[in-house]
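J.: Okay, here's what each chain looks like letter by letter:
There are 2 protein chains.
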Amino acid sequence: MLGIQDIGVHIPKLRSNNFDNKDKFSISDDFIENKLGVTHTSQMEVNQDSSDLCYEAYKDLRLSNSDFSPENIDVITVCTQNPDYSLPHTSAIVHKMLKLPDDCAAFDISLGCSGYVYGLAIIESFMKLSNFKNGLLFTADPYSKIVDDNDKNTVLLFGDAATVTYISQNSIFTSGKFTFGTRGSGFEHLICRDQKLHMNGREIFNFAARTVPGDIQKVLELNNIEIEDIDRFLLHQGSKFIIDFLIKRIGLEKEKTPYAIKNYGNTVSSSIPIMLKECIGDNSIKNILISGFGVGLSWASGILTRNINI
Amino acid sequence: MLGIQDIGVHIPKLRSNNFDNKDKFSISDDFIENKLGVTHTSQMEVNQDSSDLCYEAYKDLRLSNSDFSPENIDVITVCTQNPDYSLPHTSAIVHKMLKLPDDCAAFDISLGCSGYVYGLAIIESFMKLSNFKNGLLFTADPYSKIVDDNDKNTVLLFGDAATVTYISQNSIFTSGKFTFGTRGSGFEHLICRDQKLHMNGREIFNFAARTVPGDIQKVLELNNIEIEDIDRFLLHQGSKFIIDFLIKRIGLEKEKTPYAIKNYGNTVSSSIPIMLKECIGDNSIKNILISGFGVGLSWASGILTRNINI
Chain Z
956 MLGIQDIGVH
966 IPKLRSNNFD
976 NKDKFSISDD
986 FIENKLGVTH
996 TSQMEVNQDS
1006 SDLCYEAYKD
1016 LRLSNSDFSP
1026 ENIDVITVCT
1036 QNPDYSLPHT
1046 SAIVHKMLKL
1056 PDDCAAFDIS
1066 LGCSGYVYGL
1076 AIIESFMKLS
1086 NFKNGLLFTA
1096 DPYSKIVDDN
1106 DKNTVLLFGD
1116 AATVTYISQN
1126 SIFTSGKFTF
1136 GTRGSGFEHL
1146 ICRDQKLHMN
1156 GREIFNFAAR
1166 TVPGDIQKVL
1176 ELNNIEIEDI
1186 DRFLLHQGSK
1196 FIIDFLIKRI
1206 GLEKEKTPYA
1216 IKNYGNTVSS
1226 SIPIMLKECI
1236 GDNSIKNILI
1246 SGFGVGLSWA
1256 SGILTRNINI
Chain R
956 MLGIQDIGVH
966 IPKLRSNNFD
976 NKDKFSISDD
986 FIENKLGVTH
996 TSQMEVNQDS
1006 SDLCYEAYKD
1016 LRLSNSDFSP
1026 ENIDVITVCT
1036 QNPDYSLPHT
1046 SAIVHKMLKL
1056 PDDCAAFDIS
1066 LGCSGYVYGL
1076 AIIESFMKLS
1086 NFKNGLLFTA
1096 DPYSKIVDDN
1106 DKNTVLLFGD
1116 AATVTYISQN
1126 SIFTSGKFTF
1136 GTRGSGFEHL
1146 ICRDQKLHMN
1156 GREIFNFAAR
1166 TVPGDIQKVL
1176 ELNNIEIEDI
1186 DRFLLHQGSK
1196 FIIDFLIKRI
1206 GLEKEKTPYA
1216 IKNYGNTVSS
1226 SIPIMLKECI
1236 GDNSIKNILI
1246 SGFGVGLSWA
1256 SGILTRNINI
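Chain order of the listed sequences is Z and R. In this text, residue positions in the first sequence follow the working numbering: the first is 956, and each later residue adds one. In this text, residue positions in the second sequence follow the working numbering: the first is 956, and each later residue adds one.
When chains are identical, the list treats them as one kind, so a pair holds in a single copy or across two.
Listed next, the in silico DSS-like pairs over lysine-lysine satisfying Cα-Cα at most 27 Å (straight line):
id, residue 1, residue 2
1, Lys968, Lys990
2, Lys1211, Lys1232
3, Lys1051, Lys1151
4, Lys1100, Lys1151
5, Lys1173, Lys1083
6, Lys1132, Lys1051
7, Lys1088, Lys1132
8, Lys968, Lys1232
9, Lys1088, Lys1173
10, Lys1051, Lys1173
11, Lys1132, Lys1083
Derived from the structure by calculation, the hints contain no laboratory data. Computed from a predicted model, the values in this text were never measured in an experiment.
Bound conformation, chain Z alone (with noise of 0.2 Å):
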């Protein structure tokens, strides 16, 4: 059945220490540690670009996948807002770095921290059509290209990183259905202007607050099972100050709901398939709740649940 078989993971070593920072911004340890929850935020080198990221992704997904076959390809698709360049497309260039085939499709989405959850829904409903067996989702959105450094609300949080799942016939999870939802009234909240990102990060605080408890009971109707049946929380990584109010909203289990990036920072598309590479293994997490939101304002949510081997 068509699903996710496998995940790859890039988060690059080199990491800028929030510790450092301190004095200039006059901000406090308990600060770093426990509102916002990041210490470090992970950085690409200066001579790589989110093509880049996704390679690396990419082979730590080979590592793994040793009988992996580049020409059985049908497509690939990159989630960035930080593409290389504004053209060509981002899943080009990774095709040819991949020496995909000719007849491999290739596209970006354009979508911020909600990217994973509409990523897999596009590319999983775009394969279907084409009775597509293999596909390669990636999410890729370094802000090191865009935060301003004196900018306490971003350079403190955004960290890079890539990902890359494998969507194979073989799978290991498959998905629900999902919940879309979008807020273009507050699409100014987190903004690109002349190559500087700028976050109103109490208005985000709030449209999270506000719309992510409703999602996820909406998607949990929508696919007819209980809060209780859920084994793991898998929450877009806006800081831990967001997923503690969720946690506590909500009322979910601390140790069912990960928060994960406390050394590498808040890497949009990227953070929840982060967390869902370590759910792979671990047969004993039956049904995944996946909730991305952010810029846009855009949120996603929805349900994976692993396939019963015979």
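Using the hints, position chain R against chain Z.
T.: Relative to chain Z, chain R alone:
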């Protein structure tokens, strides 16, 4: 049945006259009229951006659909490589302009001249996944934002425009099977570096000349339809030279293969839907072949068939 109900088009009235540039570029009337085949290029206003062009196309759609209800739109997609901002996605801004509801999905697709064919496949498959009834597929890629005024390869060729395709259950045309292709090894032949467009015209021509005939053959076979049964060949309008070449090379009937861009130029992903709008009201047109090719390098083709009214 889910498919194309109607199309709205916006081609800005403002034009740049290529004859005014004859001396600057040492070119002849014959070159302008017969080889390039573009006498004027459409130009958006200086205070406009891609979302504004989308909104104008939407107003055109509304003119002929007085009973249209924005609150029933389930999803919108904007295909562009010249978004208003790198983030958020332009579809979020259009979502605001159209006062669409919170539960409307919105995402951008980054593709160039193959974007309309891809976009149709992506939005239709996405809608089928969630059983969505009404969607809007926008194309808007105003190259006036990136063309170099001193580059005769591009400034004389590209025009600004936008379209919106209304996908609904009350469709006039439904899609058959699609073909998709990518040659990432040629990604540098049409590229935007440092906000300036660069095109290797010879390479792009050679790519199209070598790839499109085979792809048209492939999509005909895939849909089990004879070339004689196609009433219109809507080929991406790269230039008069490439359209003339493809007509001759494939042996297409000239009256079935429009060349439409003399007065406004190559409008990238909008070139096919601009011509398709003209076909909607003409009941003598049953089967249409659409084929897009360019930036990436990327190509895609499909067959549209008029629904038989009972």
